[in-house]
Amino acid sequence: MPGDAQTDQHGTTEGTLMTDLLRLPLHDLHVELGAKMVPFAGYDMPVQYSAGVMKEHQQTRARAGLFDVSHMGQVVLRGDGYEQVARAMEALVPVNVMGLGENRQRYGFFTNDDGGIEDDLMLANRGDHLFVVVNAACKDDDIALMRAGLGPEISVDVIDDRALLALQGPEAEAVLAGLNSGVCDMRFMDVATLELDGAECWVSRSGYTGEDGFEISVPSEAAEALARRLLDHEAVAPIGLGARDSLRLEAGLCLYGHDIDSSTSPVEAGLTWAIQKVRRSGGARAGGFPGASRILQELEEGASRRRVGLLPQGRAPMREGVELFAADEGGEPVGRITSGSFGPTVGRPVAMGYLPVELAASGTTVFGELRGKRQPVEVAQMPFVPANFKR
Amino acid sequence: MKFTEDHEWLRAEDGVVVVGITEHASSQLGDVVFVELPEIDTKVAKGDEIVVIESVKAASDISAPLDGEVVEVNEAIVDEPGKVNEDPLGDAWFFKMKIDDMSALDDYMDEDAYKDFVG
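Read top to bottom, the protein sequences are chains A and B. Sequential numbering of the first sequence, starting at 0, is according to numbering that gives the first Met the number 0. Sequential numbering of the second sequence, starting at 0, is according to numbering that gives the first Met the number 0.
Same shape as in the complex, but just chain A (with noise of 0.2 Å):
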């Protein structure tokens, strides 16, 4: 029945009663600008706007979108310098923390004893200190790992006076540079402190969209003014929670509890760029992270199984939890689908999901089960849209 089509489809927590809802600095505005809200890990969200997802998503694509992310968890981890803090987080994650630049960022996940991913999450070099961004989901777990995993020299700060914006697609980097020019020398994965609009904002030139852009963390007080002032911008629009997956669908990028969960190992999700030669076997700080020997082991001789990216053949969108045969009957699933919509810039439907290593080759043809009705399934290279980063 249509008027009742709002399923689960981003990772809506279940039976959350409206009054239980946390809100976000921004949520008036939200409001104000005709979005529907709905739940998300604990937050009341903005899914869409009045324009709908799939404009949503070509403005972001071609012009900007501004995007509230401030659900997501920020952490500043202190030692004493970066180098100690760095040491330390190297014990939670298989990534060259310590080897990271300053005013630079980089990808990681925090990963389990059994090599499964507990977490992904942004790491930046802030000179004296360590920023961390977490998903929302996970980030009372991941608050709760650094105070245990980092042991006492280490502060974890949970800033929660701060929200976090992001603002992507091509004219990103000019309407930011209206309120500072200082973003024009980023470049991707760069963080800066900056002033816009009078406050001091902690930038960083990445995103969740495949797209140039930066994310905005700003003092809570200030955000709705420097909200409205990049959505007077009239290349600017606002982006909901609905277009920012399929955006990061296109882009082929991870969505945590969905592409990566505990069950998954990095190699399994195709994320090994993101574990540094230095932590790898024969590197000189290889291991010393949880599940490292799995990990490691998985490096050299490859996992069984691995994230691929999908194209389902016909019109009708894949999503997630449909299983994936590789005959078109009989036998068993060899996979599922973990992550899949119309990709509305590359016009059809996509996916990802899980296949054994064997099926896993571009090109190769398997078959998903779509109402009882099996439909042949290309994988494909991701991202399904080229990224469009200022490198």
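Because the hints were derived from the structure by calculation, they are not lab data. A hint or two may mislead.
Claimed, not checked - If you want a taste of the chain B side facing chain A, the calculated C-beta under 8 Å gives, among others:
(1) 29
(2) 30
(3) 32
(4) 33
(5) 47
(6) 51
(7) 53
(8) 55
(9) 56
(10) 58
Stated by the list, open to error - Keeping only pairs whose Cα atoms sit at most 25 Å apart, straight-line, the calculated PhoX-like set for lysine-lysine is:
(11) B:82 - B:1
(12) B:82 - A:54
(13) B:82 - A:35
(14) A:372 - B:42
(15) B:1 - A:372
Beta carbons are placed, not taken as given, at the ideal position from N, Cα and C, and that holds for glycine.
Following the hints, complete the assembly by docking chain B onto the known chain A.
Relative to the frame of chain A, chain B by itself:
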């Protein structure tokens, strides 16, 4: 025109019933990207899920509002699912069905009652 609680509209026309979805339903669904229609001549019972409609966000079904037989389907919305958002009450009808007793339509809401229903 009559309306169901499932946000379908029904219109008697030349001895058959034309079925589509309301503006309320189409806006709730968001951008429609895929429609699967029943085969012509399918006999259906009231409540059978006979149409699959997918938006960028989610999949949902449309049920047969009455017992009867599907006599025509609108292939134009299969080719261009976006029409469902553009003109849900007009060009983007879904299917036509033949029913035994047109008075069965009387059980459904009229426009005023439907407006009250969606608030």
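### Query
Tell me, which hint numbers fail for this structure?
Hints 5, 15 are the ones this structure does not satisfy, whereas the remaining hints hold.
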